[in-house]
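Trainee: With chain D fixed as given, assemble chain F onto it according to the hints.
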Amino acid sequence: MNLSPSATSQTARRQKAPLRHRLGPVLPALPMLAFLALFLVVPLAIIGKTALSDPEVSAALPQALAYAADGVPDDAGFAALVADLVEAKKAGLMRPLARRLEYGVAGGSAAVTDLARIADAELAAQDPAAIRLAVTGSNPIWSQPGIWQAIDQGAAPWSLFYLKWALGVPVKATPDGQPASDGIHDFGTIYLRTIVISLLVTGLTVVIGYPLAYVVATSSGMIGKVLIFLVLLPFWTSLLVRTMSWIVVLQKNGVMNDLLLAGGLTAEPLPLLYTRFATILAMVQIQLPFTVLPMISVMRAIPPSHVRAARSMGAGPVSAHVSVFMPQAVPGIAAGALLTFVLCLGFYLTPALVGGPGDQMVSFFIARFTNEQLNWGLASALSLVLIAGATVIALPLSRYVFRHSSGRF
Amino acid sequence: MLDRTPPDDGHVVLSSITKSYDGSTLVVRDLNLSIRKGEFLTLLGPSGSGKTTTLMMLAGFEYPSTGQITIDGAPVHTMPPEKRNIGMVFQNYALFPHMTVAENVGYGLKVRRVPRAEIDRRVGAVLETVHLSALADRRPGQLSGGQQQRVALARALVFEPSIVLMDEPLGALDKKLREHLQFEIRQIAQRYNLTVVYVTHDQYEALTMSDRIAIFNDGRVQQLGSAEEIYARPVNRFVAEFVGDNNCLKGRVTAIEGEIAHLRLQDGTVIRARATGHVQLGALSTAAIRPEALRMDAAPFAGSLAATVRDSIFCGDQIRTVVDLAGTESLVVKSAAHSAAIHPEKGQCVHVGWAWEDAWALDA
Numbered sequence: 001m002n003l004s005p006s007a008t009s010q011t012a013r014r015q016k017a018p019l020r021h022r023l024g025p026v027l028p029a030l031p032m033l034a035f036l037a038l039f040l041v042v043p044l045a046i047i048g049k050t051a052l053s054d055p056e057v058s059a060a061l062p063q064a065l066a067y068a069a070d071g072v073p074d075d076a077g078f079a080a081l082v083a084d085l086v087e088a089k090k091a092g093l094m095r096p097l098a099r100r101l102e103y104g105v106a107g108g109s110a111a112v113t114d115l116a117r118i119a120d121a122e123l124a125a126q127d128p129a130a131i132r133l134a135v136t137g138s139n140p141i142w143s144q145p146g147i148w149q150a151i152d153q154g155a156a157p158w159s160l161f162y163l164k165w166a167l168g169v170p171v172k173a174t175p176d177g178q179p180a181s182d183g184i185h186d187f188g189t190i191y192l193r194t195i196v197i198s199l200l201v202t203g204l205t206v207v208i209g210y211p212l213a214y215v216v217a218t219s220s221g222m223i224g225k226v227l228i229f230l231v232l233l234p235f236w237t238s239l240l241v242r243t244m245s246w247i248v249v250l251q252k253n254g255v256m257n258d259l260l261l262a263g264g265l266t267a268e269p270l271p272l273l274y275t276r277f278a279t280i281l282a283m284v285q286i287q288l289p290f291t292v293l294p295m296i297s298v299m300r301a302i303p304p305s306h307v308r309a310a311r312s313m314g315a316g317p318v319s320a321h322v323s324v325f326m327p328q329a330v331p332g333i334a335a336g337a338l339l340t341f342v343l344c345l346g347f348y349l350t351p352a353l354v355g356g357p358g359d360q361m362v363s364f365f366i367a368r369f370t371n372e373q374l375n376w377g378l379a380s381a382l383s384l385v386l387i388a389g390a391t392v393i394a395l396p397l398s399r400y401v402f403r404h405s406s407g408r409f
Numbered sequence: 001m002l003d004r005t006p007p008d009d010g011h012v013v014l015s016s017i018t019k020s021y022d023g024s025t026l027v028v029r030d031l032n033l034s035i036r037k038g039e040f041l042t043l044l045g046p047s048g049s050g051k052t053t054t055l056m057m058l059a060g061f062e063y064p065s066t067g068q069i070t071i072d073g074a075p076v077h078t079m080p081p082e083k084r085n086i087g088m089v090f091q092n093y094a095l096f097p098h099m100t101v102a103e104n105v106g107y108g109l110k111v112r113r114v115p116r117a118e119i120d121r122r123v124g125a126v127l128e129t130v131h132l133s134a135l136a137d138r139r140p141g142q143l144s145g146g147q148q149q150r151v152a153l154a155r156a157l158v159f160e161p162s163i164v165l166m167d168e169p170l171g172a173l174d175k176k177l178r179e180h181l182q183f184e185i186r187q188i189a190q191r192y193n194l195t196v197v198y199v200t201h202d203q204y205e206a207l208t209m210s211d212r213i214a215i216f217n218d219g220r221v222q223q224l225g226s227a228e229e230i231y232a233r234p235v236n237r238f239v240a241e242f243v244g245d246n247n248c249l250k251g252r253v254t255a256i257e258g259e260i261a262h263l264r265l266q267d268g269t270v271i272r273a274r275a276t277g278h279v280q281l282g283a284l285s286t287a288a289i290r291p292e293a294l295r296m297d298a299a300p301f302a303g304s305l306a307a308t309v310r311d312s313i314f315c316g317d318q319i320r321t322v323v324d325l326a327g328t329e330s331l332v333v334k335s336a337a338h339s340a341a342i343h344p345e346k347g348q349c350v351h352v353g354w355a356w357e358d359a360w361a362l363d364a
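Protein chains in written order, with this note's numbering: chain D, 1 to 409; chain F, 1 to 364.
If we strip away everything but chain D, and leave its shape as in the complex, we get (with noise of 0.2 angstroms):
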């Protein structure tokens, strides 16, 4: 049989489409890829802006800058001071200041307070020395080499101040300028906890999951179907009535305490709630049908002729099933763990309202810094961190599942 005069041709008459007929395929998602650029591009370049912004102290202090790089600076540096907040209070901008500066250095944010109520045009006309003497009159931090170092930190309008901060680099001091233990966001330790709370949770959904997907899989009368009800069944209430309901459950006198006591397993109620094992109980419950649906899809395309080829060749139904079934259903199980530890990274409600104060993953730290704290900059650096930690642990996985699921994603 020759082929080659027709691959010939055919090669020959591959040429490039016109622009037109190439982006006609691209068409119909259009819309959706709209969408992708206002909801998703815009703002994560929006965050990304905010996390590296940093203008405060650029803008409100432009001339005592040039003093800030070696510590506690001369008497003109001072002189500079005043003359730069005498202009940033008109400006309005000494808010701002005090809060970036109080990043920067304990008691910050006082310093400027205080100096902001004697700054004025008067103290700035006199001379240099006599101008020291009363700013560090005004609050003696001043005096001490942590706030010009705070104020260096911020010279440019962009840094890394926040990336750096985020990703726990000791970005506060102490007012003589040694670093101080921001003991409260332990950034690491917040991140290693997201990660083991999110791989733990993963891995539970993955080990119940995979008997209840393939006996969704393989079963083709009622069981099945009442199987993928149940479910799915968590899909149609919300998330926030299924974290509740955990609560209900879970309290000192909910259901499981109630069940523990009645059966004499324990002898008084025991702290369930609040606690990481919560925490964990609930994301499982939320999480398992994403696990389980890729797992379903994948499981139902192996042919059930291949398990029973295998028993034929003389091999029992475990060993069947461990060397035949459960190889080709890896893709399946790599997509639902895949898509489950993503979206345990970024968990929030349920670890606040279940878990305790030491179960809290970094979503709640986000949502802290940009509700309460107002530290917008810190906020966006975080989110930028998970992003790309997610995207770093994610990659490799889903292209290993994109390249295995011979598109039926």
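Coverage of chain F stretches by chain D, computed from C-beta distances (three or more under 8 angstroms per stretch; other residues unrestricted): (1) 56-63; (2) 73-82; (3) 104-115.
Think of the hints as simulated: they come from the structure by calculation, not from any bench. Don't be surprised by glycine CBs; every beta carbon is placed ideally from N, CA and C.
Mentor: Chain F only, in chain D's frame:
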């Protein structure tokens, strides 16, 4: 062909088997089948006739609702498939996509904990047999349909089972390849003296490959016999119509003279056919006559019926002529294309007839 069917030694015996999936409809009813060592037995029937269910019960993937299956006298019908030591070739092959050809073929040895070196040797040998040695490291997805079929065959042979089951193994292949593989499977079966139970709905495959054929319909074996028997001596109307082409003429039995039954057709014509056990005086009967057993002539001859040519189709080696009888019936006549017999024109009046021994008076 010589009858090489081995004597009935009761190698595999299915006795009084019934099978129902839902408890009310019987997929297999009262099946009795004795399979001989080394024979090539084909289960032939339309879909839903119970042939695949029977195969699945032999393999151990389904369990009979009643009755028992024995291999060399030992009951096996409750044994799980992995204990039966029966090789199986599946429809669509069921090759493991995540394993290479060699791993697929070696699977049955690996689960039997055969030493590595021994596995390699036996896999190599069986791949040689099916002409696939060069493709041992490929994955099934990289093979053609015919090559996949050979892997499936090699996989079923490698652990040297005495019985091999095949479930429509050639169904997905094109005609040329199918014919080639039919021949190869026969060769291998003979070389290894395998007992093969082969399921197909392709009657030509059944006729060319089998020592014996069991015709299935409606959960029962309708007829069991060699290809020649099944073709030349159908026991009932279903077999007559299912295997090969047959002309069926329905009529009432007006007389039985020894082996000859007289049937009066609807238009009053009386024809003669060989009487079978189904024939009862006064009852309806169907006479089945093979198209090639019909003789057609321009002039009337003894026992011939007048007919009009409706159509004549040239099929290369033969000519098929459709003729309408006086009543509502019509017949298909097959004649060799090169013969000197008449080449009828459409609308021409002809006369057709047959020897009474070639017509079988069967159930209505």
